[in-house]
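J.: Protein sequences appear in the order of chains A and B.
For the first sequence, UniProt numbering assigns the number 1 to the initial residue and increments by one for each residue that follows.
For the second sequence, UniProt numbering assigns the number 1 to the initial residue and increments by one for each residue that follows.
There's no promise every hint is true.
Identical copies carry no separate label here, and so any pair may be met within one copy or between two of them.
[Said to hold, decoys possible] SDA-like, lysine to any residue: derived pairs with alpha carbons at most 20 Å apart:
1. Lys152 x Gly23
2. Lys152 x Gly120
3. Lys152 x Ala37
4. Lys152 x Gly76
5. Lys152 x Ala289
Calculated from the structure, these hints are not laboratory results.
2 protein chains.
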Amino acid sequence: MSSRFWRPADVLSATRPPIAFAGSRIDRADHIRADPAAIAALQTAGARVLRLDGLDPVLTEQGGLDWGTLADADRGAELIFLGIDEAQRGCFVEVPSDAPSGGPHAGPASWNAMSVLEAGELAAYGGARALVSWHARHRFCSFCGQPTVLAKGGWQRTCSACSSEHFPRVDPVTIMTVEHDGRLLLGRQPRFPAGRYSALAGFVEPGETIEEAVARETFEEAGVRVRDVEYVASQPWPFPSSLMIGCHAYADDPAITIDTTELEDARWFTRGEVVDALGAVGRGESGRAFGAPPAYAVAHLLLRWWVERG
Amino acid sequence: MSSRFWRPADVLSATRPPIAFAGSRIDRADHIRADPAAIAALQTAGARVLRLDGLDPVLTEQGGLDWGTLADADRGAELIFLGIDEAQRGCFVEVPSDAPSGGPHAGPASWNAMSVLEAGELAAYGGARALVSWHARHRFCSFCGQPTVLAKGGWQRTCSACSSEHFPRVDPVTIMTVEHDGRLLLGRQPRFPAGRYSALAGFVEPGETIEEAVARETFEEAGVRVRDVEYVASQPWPFPSSLMIGCHAYADDPAITIDTTELEDARWFTRGEVVDALGAVGRGESGRAFGAPPAYAVAHLLLRWWVERG
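Take the sequences, apply the hints, and build the full model.
T.: As structure tokens, then:
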């Protein structure tokens, strides 16, 4: 953990917490998505259908995901083929006609799921949630306005009128720690719990690289110019469809000018303050200088990465 | 260039070819997108409007982008605010009512632009192209089917009926070289020019990390299992809206089983064969063993990275 280049592979093989929403053990079986007969053949009595409450997970008394069967499913609902599990069972999730479209933040039920679900189950839930909410937001063709229908086992929607094909969205978001003189730049959004500071973040836009997005967002939000952007790790974050791309960068000038529409504060924290804040998370406390992001967020991992590589 | 960890910053500062479509010098001026008065104030006689032929670039006799003025613009067309150039001029591009939606591959005019345009101009074109084609594909609300209108200077569309907000898509794609015993795995798609082999690639799906997408795509397309995925560099690729995420990984078992719906061949190439193929690109030739991807593709950079880090 102390090597200069701590690869994502190391992150994934580390002890808990791993990257939340990564590590699904469901085989996506991409090759049969376009084969309706093969998907139908998996719709047996043994097939599993993930139960959701809106977009929230439903947990069993044992703290696992609640999987029902096709017998419980609504025959009128659209069905997404998630893949094949280790017992060779087809895994599905329904898109109810009243499925919510999902917001940009994780709610209490999702945070609870992150704390209790085993990694593979949490990943299965996250992938299913992202797909269901995408279908709920794409029942019409953005090209011509006519209704779309589910295709390719739920990995596509096709326009009933103009035949345009639409694919699930994955929105790349850069999230970055910035270092200057042994201290780390973290910011505070107004919606954060009291005392919380976290990594700055923002969507990658058309026409820029990951590194350019890191530099632009850091300058927009905190007025800080960065160099030498390094990739650290990524995380699927299904609220509603982000791919968090965790990076680290360096600043030569520590002067901060915050964008008050995004942040209410940004500060440089010492290594000791970050170590203290990370330690406090495990005790359910806030650190002495600030509260670190929760263990399941990639921002937490970025802080750990910075501390552990020394 | 021979260091073990060749960072994207090095790539960006290297001599030509840099990463095509990166390096725009237009300030996106995100803070004024939501300020119609500020955008209007930039719509002066000095404002620049990028000329496009459909989605293709229009080049001047000197081989630069052809920028017109607002006087040339169609008053009925939607106008996207691209940002502010180094001379403090507002930069815009129109979305004509008949704007094409754009396909998944670069056409001859785009390949020509990659070879003749200066890096900053190519990036300005790429960003503008991705935005125009996104608007052309999102004139209706995917949530309710009613017409959308341009908002926030073209960085959003808003539904005229349900007020849903829609944002430009950026689709993350993994593209990866895989190494085994000093050789590199490359594949050949049927649409490639004769002799061409390139890095395998595929879209990141909901519910997976970048590393998981690399592993899944390599196994799906070539039957090869990988470990220790490393990020190398990224590239915006506006056909129509990809973010190419270039990675390198390692395989323990070289046995190949290709997916014939994606590839017509995949092979392991020696370092000498890759060096020869890269050298041939500059002479407009195919290498002795295979033809390398063109200099402007991130796949070319991945091959160079592998050769140069030794």
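J.: Against each hint, give a clear statement of whether it holds in the structure.
T.: Status of each hint after checking the structure:
no., hint, result
1, Lys152 x Gly23, "neither (23 Å within a copy, 37 Å between copies)"
2, Lys152 x Gly120, "neither (24 Å within a copy, 40 Å between copies)"
3, Lys152 x Ala37, "within (11 Å within a copy, 46 Å between copies)"
4, Lys152 x Gly76, "within (18 Å within a copy, 39 Å between copies)"
5, Lys152 x Ala289, "neither (51 Å within a copy, 38 Å between copies)"
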